[in-house]
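K.L.:
I would like the entire structure built from these sequences, with the hints used as guidance.
From first to last, the protein sequence lines stand for chains A and B. By this note's numbering, the letter at position 179 of the first sequence is numbered 179, and the numbering carries on one by one without gaps. By this note's numbering, the letter at position 201 of the second sequence is numbered 201, and the numbering carries on one by one without gaps.
Hints should not be assumed to be uniformly reliable.
One side only, chain B facing chain A, incomplete, derived with CB under 7 Å [to be verified]:
| # | residue |
| --- | --- |
| 1 | A133 |
| 2 | G136 |
| 3 | G257 |
Keep in mind that the hints were calculated from the coordinates and are not lab data. Backbone N, C-alpha and C define an ideal beta-carbon position, used for all residues, glycine too.
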Amino acid sequence: MSETGLIDIGMPRLSDSMEEATILTWLKRPGDAVTRGEPLVEVETDKATMVYEAETAGVLEEIVVEDGSTADLGAVIARIRVSGAAAAPPAPPAPAPTVEPAATKAPGVEVEFRDAIRQALDEELARDERVFLFGEDVAAAGGVFAVTPGLHEKHGPDRVFDTPISELAMTGAAYGAAITGRRPVLEIMFGDFLALSMDTLINQASKYWFLTGGKQGVPLVIRSVVGGGGRFGAIHSQMPVSWLMGITGLKIVAPATPADAKGLLKAAIRDENPVVFLEHKRLYSLKGEVGGDEVVPIGRARIAREGSRITLVTAMKSVHDCLEAADLLAADGIDAEVVDLRTLRPLDLETVLASVQKTNRVAVVEEGPLTGGWAGEMLALIAEHGLGDLDDAWRIATPDTPIPYSPPLEDAHLPGPERIAAEVRRRVSPASDG
Amino acid sequence: MSGDADTTAAAPPEDVETYAELYRRMLLIRGFEDRVQSLFLRGEIYGTTHLYSGQEAVAVGFASSLGPDDRVACTYRGHGHLLAMGTDPEGLLAELLGRETGVNGGRAGSMNVVDPEHGVLGCYGIVGGSIAAATGAGLSLRGTGAVAVAYFGDGTTNQAYFFECLNFAKVFELPVVFVCENNGYGEYTPFEAVTPGGIVPRAAVFELPTTELDGMDVRAVRTAAREIVERVRAGGGPEFVEARTYRFVGHSRSDPGKYRPDGELDRWRERDPLLVAGALLRDELGMSAESVAQVGDEVDAELDRIEAAALAAPFPGEITLPEFSEGA
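P.N.:
Right under this line is the structure:
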């Protein structure tokens, strides 16, 4: 480092999953003095618009990436001239871990998982005037995970609007609107906050169809961001499925691909009764081809990978972990089939049983605590209906502890590809004749 | 109708028939609740019930100001609201008896009756649920000229639903009337003991217009309700009402109400809404004492018929309701 010299400012890593970002507005111009901690530039990442503050003092010498331009993570966006030896160079950002699409890529336009959701919302808002979308920061800000940008501007403030931070009121009002002719889509920002929605979900929304003898449904969709791996700690990373599994009258949709996210959200919005639609935060940047107006039916699983030796039954982000594990296992001569459930309530027992009949072994892979999870329900169903086909059956889930924050701790907590492959290797031999 | 010249000119003339009909509905509710109590003691009604006896003027007065597109959300003390809105009393009694001919086929029972055909979104077994449902109905009804009414008790004003939904309704200027029926007790606890600052200031802080009412006087309720509902219907935003009333019975079937101070019930009984309405009909509207008594006789005869029919109805067979709908 020179005593008086130029320091490169790299595109900062402002979100865990970003690969690139767009410069919205430089708050300083060349020649301006900059102090450490002073707002320097507004940057739009895959998740949010954030202000990046100067990490070093000096004079802004040059802007390399101008307003409105996009640059990769770590690319030089500006240079600051520092004087004296006090200034430290900014640490180069580490590359962000990303989720790779494991499904076969078809030729055509690919979009991110988040954009598939936005497309479904956009198309359903246009298709049915009873549909409306609301939540905290979904409208003007476009969503804290950048899922809903532009919808407020396109469909207007009566159809897409921001609310106070009031999950009881939001969920209760969504229910009230649903039983009076509207089709609300409510975003609960993090699945952890669904605890505040539970009274309406349990005691009102999931009962109405029953109480009215099927005369009045509750066409309500709650979208919510779930899952670990984002370094959000114990109370912004949970998987709320086990809280919801016992609610009769509720559907739980849990897509793993952009195509399913779009098609299943359309199905959820068109459904006559309440659906919780789970969006795994580590899937938002996953790219894949999506359909047009195709609706993916709720309650049907898909075979994500065919195999003969063991069935891995899973959902959401864990589908991709299982596909990666299957690749690892294939190298060892173990041919794994992967079932992507896509809906967790009701479970598609038929597809799972057909797979188990073929492989005779099943591991249910759940991101969520082992005790009381949906994997136990899935295994119970398989045992009740397919015991004669089973040579082995078990669960791979997260430990019965809160989700740790520190990256090595969180990574060890989640059922990743290596752990899945290791557990299968321990219990399943490569031999495959019988 | 009494009042100044402007009010008289703006409102249609109130005649004896209007108040005779409201009196009939209040008698029907009281007689219905008396029979519910008796049937419960005979083992024909199960679980628990929460009777509306004493509060009839609130439900009947408000319901008389509502139109066919308006919606109400009630509490587990909902029999009175249902009957005020026009729910078939035989169907309601059959529901409480658990019979197939019940309003909800015996699925709901006393605390959870749903009757959308008569504008009743539901009776909510969780304190605060009615507020949320009416707030959501307000989202649907905004701009249509219809209104939603939430009924709830004094105890609800300590629930998060109350604060979140009043704020939410005001932020979006929803057409909702929040009607707090302050009957003096949240379950067994005097409201003064758990409600510092009182009730109305809690709504006023969200800038909702507030009205305090004598909930034992059906004319006072109806007169105020019509003005409030018209303002809300015209797009004036949500409003708040505290109706002071009293329940003549305990909180629920298991509560004899022994926590009441001596003489309190007697003092409130002097202002029994049926006495107040009967006096109105006789003394101000010129209805003969005989005619007023005849209304009571007719209601008794109707309830005799209803009770016999409901008790004769079969219990439901197996429920075949599909767990999930087919979607669109």
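K.L.:
Evaluate each hint against the coordinates.
P.N.:
Hints and how they fare:
no.	hint	in the structure
1	A133	holds (4 Å)
2	G136	holds (2 Å)
3	G257	violated (27 Å)
The structure fails to meet hint 3 from the earlier list, while all remaining hints are met.
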